[in-house]
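Undergrad: Order-wise, the sequence lines are chains A and B.
Residue numbers for the first sequence, in numbering that gives the first Met the number 0: 0 to 528.
Residue numbers for the second sequence, in numbering that gives the first Met the number 0: 0 to 306.
Simulated from the structure, these hints should not be mistaken for laboratory data.
What you were told as hints is all true, and nothing was included just to trick you.
What the simulated footprint calls covered on chain A by chain B, stretch by stretch (three residues with Cβ under 8 Å from a Cβ of chain B suffice, anywhere in the stretch; the number is not a length):
(1) 29-40
(2) 114-122
(3) 184-195
(4) 202-215
(5) 238-251
(6) 411-425
All C-beta atoms, glycine included, are put in the ideal place defined by N, C-alpha and C.
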Amino acid sequence: MRHHHLRLPLSGIALVAVLTLPLAGMAETVLNRGNLDDPESLDPHRTSTLAEANLMRDLFSGLMGLDPDAKLIPDAAASWRVSDDGLSYTFTLRADGKWSDGSPVTAADFVYSWRRVVTPETAAEYAYMLAPVKNAEAITAGTLPPEDLGIRAIDDLTLEVTLNGPTPYFLQMLTHQSTYPVQKANVEAFGAAFTKPGNLVSNGAYVLGDFVPNDHITLTRNPEFYDAANVSIDTVNYYPTADASAAVKRFEAGELDVNRDFPTEQTADLQAKFGDQLRVGPTLGTYYYGFKIDKAPWDEVALRQAISMLIDRDFLAEKVWQDTMLPAYSFVPPGIDGYESAALDYAGMSQIDREEQAEAILTGLGIGPDHPLALELRFNTSDNNANTAVAVQEMLAPFGIEVSLVNLDTKSHYGYLEQKGDYDLARAAWFADYVDPENFLALCKTGTGNNTTLYSDGDFDALLEKAALETDPAKRMGDLHDAEAIGVARDLCVVPLMFYSYHNLVSDRVGGWGDNVMDVHPTRFLSIK
Amino acid sequence: MLRYAFWRMMTAVPTLFVVVTLSFFMIRIAPGGPFDQERALDPVIRANLERTYHLDLPLVQQYGIYLKNLLHGDLGPSFTMPEFSVAELLHAGLPVSIRIGGLALLLALILGGAMGVIAALYRDGWADRAVVGFATAGSTIPTFVVAPLFQLVFALGLNWLPVGGWNDGAFHNLIGPVICLMLPQLAVVARLMRSSMIEALHTHHIRTARAMGLSEAAVVGRHALRSALLPVVSYAGPAAAALMTGSVVVETVFSIPGIGRYFVDAALNRDYTVVMGAVVVLAVFTILFNLIVDIAYTLVDPRVRYD
Chain A
0 MRHHHLRLPL
10 SGIALVAVLT
20 LPLAGMAETV
30 LNRGNLDDPE
40 SLDPHRTSTL
50 AEANLMRDLF
60 SGLMGLDPDA
70 KLIPDAAASW
80 RVSDDGLSYT
90 FTLRADGKWS
100 DGSPVTAADF
110 VYSWRRVVTP
120 ETAAEYAYML
130 APVKNAEAIT
140 AGTLPPEDLG
150 IRAIDDLTLE
160 VTLNGPTPYF
170 LQMLTHQSTY
180 PVQKANVEAF
190 GAAFTKPGNL
200 VSNGAYVLGD
210 FVPNDHITLT
220 RNPEFYDAAN
230 VSIDTVNYYP
240 TADASAAVKR
250 FEAGELDVNR
260 DFPTEQTADL
270 QAKFGDQLRV
280 GPTLGTYYYG
290 FKIDKAPWDE
300 VALRQAISML
310 IDRDFLAEKV
320 WQDTMLPAYS
330 FVPPGIDGYE
340 SAALDYAGMS
350 QIDREEQAEA
360 ILTGLGIGPD
370 HPLALELRFN
380 TSDNNANTAV
390 AVQEMLAPFG
400 IEVSLVNLDT
410 KSHYGYLEQK
420 GDYDLARAAW
430 FADYVDPENF
440 LALCKTGTGN
450 NTTLYSDGDF
460 DALLEKAALE
470 TDPAKRMGDL
480 HDAEAIGVAR
490 DLCVVPLMFY
500 SYHNLVSDRV
510 GGWGDNVMDV
520 HPTRFLSIK
Chain B
0 MLRYAFWRMM
10 TAVPTLFVVV
20 TLSFFMIRIA
30 PGGPFDQERA
40 LDPVIRANLE
50 RTYHLDLPLV
60 QQYGIYLKNL
70 LHGDLGPSFT
80 MPEFSVAELL
90 HAGLPVSIRI
100 GGLALLLALI
110 LGGAMGVIAA
120 LYRDGWADRA
130 VVGFATAGST
140 IPTFVVAPLF
150 QLVFALGLNW
160 LPVGGWNDGA
170 FHNLIGPVIC
180 LMLPQLAVVA
190 RLMRSSMIEA
200 LHTHHIRTAR
210 AMGLSEAAVV
220 GRHALRSALL
230 PVVSYAGPAA
240 AALMTGSVVV
250 ETVFSIPGIG
260 RYFVDAALNR
270 DYTVVMGAVV
280 VLAVFTILFN
290 LIVDIAYTLV
300 DPRVRYD
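Bound conformation, chain B alone (with noise of 0.2 Å):
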């Protein structure tokens, strides 16, 4: 098992090059600079802008650099917040986008695995139909209509929660987002758990179980779920990198400071470094996810053994 996870490790490095390599490359293909804008830059300005940031220098000789440097742990200034590194945007924002992702997929996990398991045992009855049709809603409604509303009930209307800010991961704070957040996770959950519990339950081990008399507990908790958790547990790991890398709607809607908009604003700006800076810790966080994903299936599936 330690065997198999250090390999997984090391194919990670090559990988982690390709993904850079290419995005390095991919968003200088992309049209303006980071110094564009409304109004034009003076061209002795603009040379020394440039300059600054060794954007005069050909684009493999830059790639070398920033290679260099992100060997030495050094993802570079940003360019449109150059008093900030990228390493430090990303320790001030990841830890909130951590929180509140993982919260959101650890909560979407536990009710929506509940729902599932519920909505199997009673199929076909109401308690089935409410599952069914909550997870429709929950995977067609966009966040960006969820979030806004939900900030016009609990916060204008009902007064319960603030509208939005961070406030230092207060609490209140953290509801509206984390909640928004989990939503579409519950409804996928909740679908995949549904079916694969569906699934199980008419397995033969359960059968036998079944036959062999014991309680019906034991049958769903200890045997059905077991087998039944598999695909919830492939989802859950693509889910948690994206998630924990935060979400663009949920950020700007409830004006969370974590890493999700640096993917949309910093691509917009073509603030280079940030983009590389977020485009190596969702490839860090997919990796790492998918490792411990499947680690997870032996511990749920004793079939599954990697030696």
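If we strip away everything but chain A, and leave its shape as in the complex, we get (with noise of 0.2 Å):
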């Protein structure tokens, strides 16, 4: 009996040998690339992460797409007519475009899938942004039938989509991969299942080949995509990296070519051993604080102001986080074409002269070291926005503001901030899903979603609305312009602290790596040194 014992794990050894796989052959490009997570989901219309966004960019081709320098170019799409009032949208699609199984892609794959995003059972996170087409909202909420959506099939290249409003961003909208097309046989043979590896039709540059949960995604090239002739790489390996350390560990070692994110507290030491393959600099995004603004003292205008002055942005990009970020004035970033940001009064004083003005309007206030004012800062937990809370209590505290933190995981916090529980002052972090102003500024509009502060201000409404009505360019991005002067520099609907930017490694041997404010790379672009 007490040799059985010994042979179970002996035999355990043997089947580990056997298991043992000789690595495959190397006689094609290969691009493995560190992902930061697995994606959620492979199906466009329900996947939201970063992560997934760069999956299905190089598995699927939407009507638009962005080239290497995040520049709008026509995908899916050969071209495109719009109509004098902007409402009606006449698409062309190109003539060779083909799903992975050779079958052509049609104006009706389209107008199938764009009614499965809106549709209430698909359950579609990203359904909002295909909400400028006609009825899609109604259709969400289960009022309308999906076949009232405003997009038909005029013939089997031409696409006609119908808007609610002027949408001078739509066609930026159209980049999202909630908006590209399924194909409709493949979802119906399959349901549920028609994402797994074997299964999966698409028409981008690659196909999926394999996918380990926890372990790899394999890409293959498609054949069959419009422009196969010109994709270089013939298989990509997505691997989820949520440690940011072990990743570049395998960057340095050469198991990986490219990789999203390092740890920013190493900068300087990667940016000595690794020089030009370290690349950062600024994305659409922002680091934000937001006050409870419908609870007094909050609702104080002056009170807020004094506050953000305190807060000194250079130290927070510069120590906290390592310039690897910047600091914000504005809730826009730069990097928008046409937009100039509204920036805060106080964005070109020395922090001196604003801790000297804001001295006074708390002084005013009956605010200072002998009266002090209590502030709850609330934030999701991780080093970098602990370090952020503990500087901004630091900064706060010479001037009679004595701020307690609390932090909850990340699903406990914004689920506390979605149920719209109360607090003082929250974090908080919103990133582009579309080049365009609006999307920031419809944070802070009155009632939606997002608008976790409470901010409302009729005017500031009215102007965005005046916005998504007008159809010259320059004119509208001024009424935006005017919308973040009121919200945003003088209200303070949301308390602006830093943009964010990419922080990638990418090998010297990846060519056509564009840096971009988007920070978008479809390894359709990409070649191997």
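Two chains, two separate frames, one set of hints: put the complex together.
TA: What follows is the structure, given as structure tokens:
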């Protein structure tokens, strides 16, 4: 009997030896991309995360796409025409657009897909990306049937879309994966399992080869892709790299060619080690705090401004975040063509001047070291968020603002904010879904889901609505600027602190990598030197 | 013996039921839900999602549905990875965790056992001091320090091993995770073995065996080892359950697709069904290995009988 004990584990070792597989041949070009997390879904209509967006851009082609510099380019569409009132878009699809099974991509595919996105049963988180399309919101709410969506196929290659109002950023929205097509026959044949390897039919530069959760996703070149001749990389492996330190080591060992993210506290060391392979630059993302504006004393705008002035954004960006963030004095980040942000009044002042002015305001309100004011600052747990909050606590303390810190895990924090729980000041962040200021400013519009500070101002709302109807791009950007001047610069509906930057590790071996504010890098434009 | 095993299996059912029930309600007490995130969902979209996953039903009714599905072996779909059922995720990850955890435990028992015996035999000698020193270091230096150091030395420094990745369980990719998972266990086993061996060597039956002129090998190998093994065997049961259900640190640092991280990630993501699946697996393993340990007692120690 005792021998039996030994035999079991020994057979385990034999099993391990048998299962040990030899490495595959290296004749093809392979790109190994560190991609932060596994996708929650490979159904473009059910995706929401950055990691998923990277995969979707490789697997699918929407009507519009982004080039290596994040400039808008036609993708599945060959051309388009906009009616004079801006309400109707007519797209002509590429005649050579094909699914990976060889069948043509037709206008009917887009009609089917867009109806699918807004159908309540699909439960698409990003259904709102199609909100500008006529009847989309009513269909998602279940009050109209999906057939009433403002999209129809005129013929196989002609697609007509009707909007609720002129939406100047509509073409930008079409680069988002929630507007990508799925093949009707494919979805109907496999149901929810259509995204499994072997089942998925896609129309992008790559097709799904393999998906092992927590391990890797392999995509291979799609020979049916319209631009397949210009796709250089044969196979791309996406690895979840939740542990940034481990990912850096894998990059150093050559196991990864690209990784999104590295531990920002190591920036200087990594810069010395990797040189140009370290890519840091601004993206369209803002790190901000929000006051609970519907509640005293935070309904007093002068108090909000005074506290905002006391926060030394340069210190936060340079010291706490090690220059991987940029100080922010507006909510809308720089980098959107044609838009000039409305900065806070004190953007140009020195921190010492700001503190003087803030102190005067606080004294006027009866607040000072002798008459302190308590402020509860909430944030979602992370080292950098905690360091930021502690720094802010120190900055405010000498002026009689006594900050207490409350941190919860991410789900609890946002769950609390979304349920409009009581708080004084809370941390949040916003990343652009598409390149337009409206995507940021809508957060301060009365009654929207992400307006957790409960800011409400008639003039601000009116300017946003005016901009939504404006067909002249320059005037529209002017309206949005005016809205930001009221909502953010004057009223601090949110307190912008820092702009995010992308921080990527890109091997010298990788060619065609363009740094851009959306931090998008479709594999079809990349190559291995 | 068989009747005992059968009886033990029967008592496992109510235990599992209690574990499932407590976990089900405890995870729901945690604030937030699977669909709370940086950007708020439109209420209509949120309602659509919650309806899809029956989260709009009263909690007791959800519990009823969960239990009913569980009895049919259906652990439900994952909330965060809806295209995978919990069963599929476990099916993919559990063999990985069992392989790494099993190898780590096996090595820890063999090496740790040997180290403990040697330390006991040469008590206060240099070998003993080395083992005691190693055991102290092994159990005090945490894995999240050892694992990155291991990568720095053996992967980046010496270039002998890959930094991470699973690579379908290739031998090279197993070495780092298995060693890092094994070290703390090795330390515990060596210490347990050493002290129980020292105790065993001082018992009357060993003195008798020596007096009868048995060879030292027979005294140690056949008689002392047997009784000294008992504490190690009782430790090995829960350790096996813990090791084979994965380790968050080792899996994350070495990028290994086991199930250990589901215990943490799924809880943070409020992926209720995956949390429940992980809990059920851990509970089953714990019950199973405790049973194996109890049966192993009868093999190691003839004084133990279950009738």
